[in-house]
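Protein chains in written order, with this note's numbering: chain Z, 1 to 275; chain A, 1 to 542; chain C, 1 to 318.
Treat the hints as calculated values from the structure; they're not laboratory data.
Take these hints with a grain of salt, some might be off.
Each computed DSS-like pair below joins lysine-lysine, with the alpha-carbon atoms no more than 30 Å apart [as the list claims (entries may be wrong)]: (1) Z:K9 / A:K134; (2) A:K457 / A:K481; (3) A:K287 / A:K94; (4) A:K81 / C:K226; (5) Z:K178 / A:K394; (6) A:K250 / A:K287; (7) A:K134 / C:K226; (8) A:K94 / C:K226; (9) A:K374 / Z:K6; (10) A:K24 / Z:K6; (11) A:K24 / C:K226; (12) A:K111 / C:K313; (13) C:K226 / A:K124; (14) Z:K178 / A:K232; (15) Z:K6 / C:K133; (16) A:K374 / Z:K178; (17) A:K111 / C:K228; (18) A:K94 / A:K201; (19) C:K313 / A:K287; (20) Z:K178 / A:K355; (21) A:K355 / A:K467; (22) A:K124 / A:K201; (23) Z:K178 / A:K287; (24) Z:K6 / A:K372; (25) Z:K9 / C:K133; (26) C:K228 / A:K124.
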Amino acid sequence: MKNLIKLLKTSPISARFGLIVITLSLIVALLAPLLAPYGESEIVAQVWLSSSHDHPLGTDQLGRDMVSRLIYGARNSIAIAFLTTMIAFGVGAILGLIAATTGGWLDNLLSRIVDIFMAFPTLILALMILSILGTSIPVLIVVVALLDSTRVFRLARALAMDIAIMEFVDAARLRGEKTFYIVRREILPNALPALIAEFGLRFCFIFLFISSLSFLGLGIQPPTADWGSMVRENSGAINFGIIAPLYPAGTIALITVSINLVVDWFLQRSAQIRA
Amino acid sequence: MMNKDRLLTISNLQIEGRQDEQWKPIVRGVDVHLNRGQVLGIIGESGAGKSTIGLAAMGYAREGCRISGGTINFLGQDLRKASERELENIRGFKIAYVAQSAAASFNPSHKLMTQFAEIPLEHKMMSMAEIRQKAVGLYTRLFLPDPEGIGFRYPHQVSGGQLQRAMVAMAMACDPEIIIFDEPTTALDVTTQIEVLSAIKEVISRSNCAAIYITHDLAVVAQLADRIMVLKNGQLVEEGQARTILAEPKEKYTADLLAVRRQVKEIRPAIKEEPLLKVENITAAYKTGLPVLHNVSFDVHRGRTVAVVGESGSGKTSVARVITGFLPQTEGMVYFDGLAMSPFLKRRDKDRLRKWQMIFQMPDVAVNPRHKVKEIIGRPISFYYGSGKKEIRKRVDELLDMIELDPSYVDRYPSELSGGEKQRVCIARALAANPELIICDEVTSALDQLVAEEILKLLQRLQDELKMSYLFITHDLATVKAIADDVVVMYQGRVVEQGARQEVFTPPHHEYTELLLSSVPEMDPDWLDHVLEQRKKKEKNV
Amino acid sequence: MDFLIPLILKRTGFAFLTLFTISILIFVGVEALPGDTAEAILGQGATKENVAALRKELKLDMPVHTRYISWLGDLCQGELGNSLSNGRPVSEMIGWRFKNTLLLASSAAVVSIPLAILLGLICALYQNSWLDKILSTSTLSAISLPEFFVAYLLIVVFVVQFELFPSVAVLKSGMAISEIINILVLPCLTLTLVVLAHMMRMTRATIIGVLSSPYIEMARLKGVRKHKVIFYHALPNALSPIINVVVMDLAWLVVGVVVVEVVFVYPGLGQLLVDSVSKRDIPVVQTSGLIFACTYIFLNLTADVLSIISNPKLRHPK
């Protein structure tokens, strides 16, 4: 605990800002039903009302309270993005670490497959796959997770290769240690800081990606509150000079900026420690 | 009143380096003076501050360092007060610098000749044609092959030793008053080093420019320097005429540095029993198809040390990789205790693996930075013997005692240990398995000389006590003299000579062994001249 | 230069392999439709004749591999089939749209590339100055922003508040250049802002890396003047990685264009792709998807090749 406080004291303003935003969003996401003044799909007033005492951010294109929609959207968007990132990371990182440690035909095969997939424009590929398979949430999660796991694979593999050429790994191999031990006790502890940072970055990317897909109509479908879809649904308001779509777009931006600020600070610190 | 010949006077130089937001002293009040045509050798171990002083002589401090006190007087001008412009005019033109790694110091995008001509052109000294002529002249005097054409190559197309000489040529382009040589031969093979040394000696004596030669190797500096300064921890230990210091050092530290290369192991008679390790007709190649070993055979007997000597490309490291199973051989077999060992590490039996262990060259990467000392040393014990926590702890304490480290070290991380201490931990890790053979791969090459000597003494003590065999891989003949019973000399993947140490080191021997032995610098200041004379005579006779 | 050719051929071969794999994926993806493809497209209320006719048109009665080959053959001959939503030939719909997309993408590129390199250079030279710190933090934020956020923000400022530019891009052939520029400003600005941030960060990092190389210190120790150190010693070595980043960002640009086109209702290929995806207009989806993929892969290939050529160690081997 003492270390954590010391850590926070030396952080720059940007990182503190990021941490505050992230903590707040997590709280909102977890306690959504308790915090939201109205229901997720409850129609309460006229369409696109401007901010008032009852509705601080006005209403959306169907007359639902914007604040409540944003709060539920936080829960849905963050949860879905988090789950996707966990899967992408789990698959990508484990395969990447194993490929780097075992080498040989397994490494070659996986690397070739990943190379080919990474040569595709992801958005286009996702659009096409989803147009065929439909856009239910499990499908969305699996498709995006698999596509993004390629990047995690590459990073984990590069990290592990840098570590695996160090002599302490040779010393372990020489002893007769099995691959599982080497990955778990020798490589992983050294790769952890970089992997954690990458998790944050991947989350940002996946979060943005799913939001973009929803914005294009192929992600999370209504009436589920999701920030990306909300931008799409409210986009018509711009023509009337109403800034409704900016609210969900703004919250998306806020979260991704915050995570990036924190990850950047984290990376700077680990670079300093290593120097 | 200043001596007419005085070029450089540095008084009470103080330099600090930044560590974790604080400034810590690196050089603490050192005086340096240099006259025209003189060669000053600056000697010290790592951290002595010698490189920093060399750079300060040009008024330069590295990123993260600052010159905080003293005066640096070059030909009447205080470099600390000079403007950036004035410094730029002096550097490369009046004071030139030769860096430790030529490969890293040449710009990869420009040809050698372009980089040679850069400063002469800047100062409008000569026309391009004259510059080219001068370059070819220097390349020839530095014994570079193809002096006419080599200037038109890119740095990566030229070998290390040649590149180092090209850098010396570049430094001499403007006929500077002083050349600062910063460990120019440290990274080179011993047989290449002697060529570069003789080239440097040749051009310096001819041109009468002054030089500062920085190195950790007393024998090397003995060949070139008129005066020597011995540094330790940023302070002067001793200073004087080169011959005087080498013959009669006043300080203990200097005497220790001199003694380091003079250790010799007692001769032990050869044994007639079955060897512990038998390497038979090994031929191996890397996955790319590049062959590394041809028909290599030798034996290691119980309780004895076999040194495998060679330079880069000799295949000595590949031999270790074949024996340990990292590089499966294409032909031949390795036998341990009479039993053939599978070429593949993965197929070898755990119990057999326990009997041989390995210690590596770079202690920094040989230990996992995230493991405490107790885990590093304790893991082999739990892995091979499955012992309980108490037993492991007891054994770890025993081992720490054997490697002469305090029991409090168990909870430390590698980042809290020095290079020598880390290497001791590696030795303990190897001992933890109770091996019969330890393969030592250049284990002292990355350590300071005095620390290295302690490690060698420790290894010898352990061998006497535990009757283990060592396979010692090294390029350093002084180490061989200090620790080996038997010697295997390797060149380009083949064994050129092997046998008991005395036999191999006494003539007559293989041509390469002769080359290798004669290229190792000795403390005698006339050694270089003698060797060169002898080689010239041989060439005439042939 | 001949030694480079095998390397370049290898990369090109890989690019083609990727295209080939994409084409199979695109084709096979349609097969993955549950139930009967034709029925799924037409919906449940379709008559038997319509379903049969669609089957014939999509050649669903032939075995898979024959169909794939014939599809590939048609593609290479420019025979792209007809749109399912309006029956017009796909080639007619795609040609001019692709031109529009290229116009938008290239205008963003033309603005962002020089700016990114210049700003990256300045930040690297004046590392840790207030300018560098401000730019670094703002670019860090900018790369996290979704394009639609930037787009709507710009619209709110420039269209709603100041009424300077249109929010809907209505491009027609025969428009005056000034009108075209007027329409392009906002979409172009959106794209530029996001791409610029990323490119600038990479340029800065590359130049800082090069500036900390030993040969740069050696140049200073030789007394080379500061500006010469940067332009003569550092930049030639930074060229290869910077080119790589620039071309890779161009590839990204071609994809990022999709969201921008949707926001501004810009008549480009991205807009068409998104529309056809929601209408399940398979031939259009397949073709436009393939075109995007081709451009992306081709640009990445160019990045690889240029990077190889500008690397002196590869240009002049031992």
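Quick rundown of the hints versus the structure:
1. Z:K9 / A:K134: 61 Å, violated
2. A:K457 / A:K481: The given pair, whose Cα atoms are some 13 Å apart, holds under the 30 Å limit.
3. A:K287 / A:K94: Not satisfied, since the Cα-Cα distance of roughly 50 Å exceeds 30 Å.
4. A:K81 / C:K226: The given pair, whose Cα atoms are some 19 Å apart, holds under the 30 Å limit.
5. Z:K178 / A:K394: Within the cut-off at roughly 26 Å; holds.
6. A:K250 / A:K287: Violated, because 55 Å separates the two Cα atoms, which is more than 30 Å.
7. A:K134 / C:K226: The hint holds at about 27 Å.
8. A:K94 / C:K226: Within the cut-off at roughly 18 Å; holds.
9. A:K374 / Z:K6: Given that 30 Å is the threshold and the Cα spacing comes to 28 Å, the pair holds.
10. A:K24 / Z:K6: Holds. K24 (chain A) to K6 (chain Z) sits at ~24 Å (cutoff 30 Å).
11. A:K24 / C:K226: The hint holds at about 29 Å.
12. A:K111 / C:K313: 12 Å, holds
13. C:K226 / A:K124: 18 Å, holds
14. Z:K178 / A:K232: Since the Cα atoms of K178 (chain Z) and K232 (chain A) sit roughly 46 Å apart, the hinted pair is violated (cutoff 30 Å).
15. Z:K6 / C:K133: With Cα atoms ~24 Å apart, K6 (chain Z) and K133 (chain C) stay inside 30 Å; holds.
16. A:K374 / Z:K178: 21 Å, holds
17. A:K111 / C:K228: 17 Å, holds
18. A:K94 / A:K201: Given pair K94 (chain A), K201 (chain A) holds - Cα atoms ~19 Å apart, limit 30 Å.
19. C:K313 / A:K287: Distance ~23 Å between K313 (chain C) and K287 (chain A) Cα, so the pair holds.
20. Z:K178 / A:K355: 18 Å, holds
21. A:K355 / A:K467: Answer holds: K355 (chain A) to K467 (chain A) is near 13 Å, not above 30 Å.
22. A:K124 / A:K201: Since the Cα atoms of K124 (chain A) and K201 (chain A) sit roughly 28 Å apart, the hinted pair holds (cutoff 30 Å).
23. Z:K178 / A:K287: Distance ~23 Å between K178 (chain Z) and K287 (chain A) Cα, so the pair holds.
24. Z:K6 / A:K372: Cα-Cα ~23 Å, so holds.
25. Z:K9 / C:K133: Roughly 20 Å separates the two Cα atoms, so the pair holds.
26. C:K228 / A:K124: Status holds; Cα separation ~16 Å.
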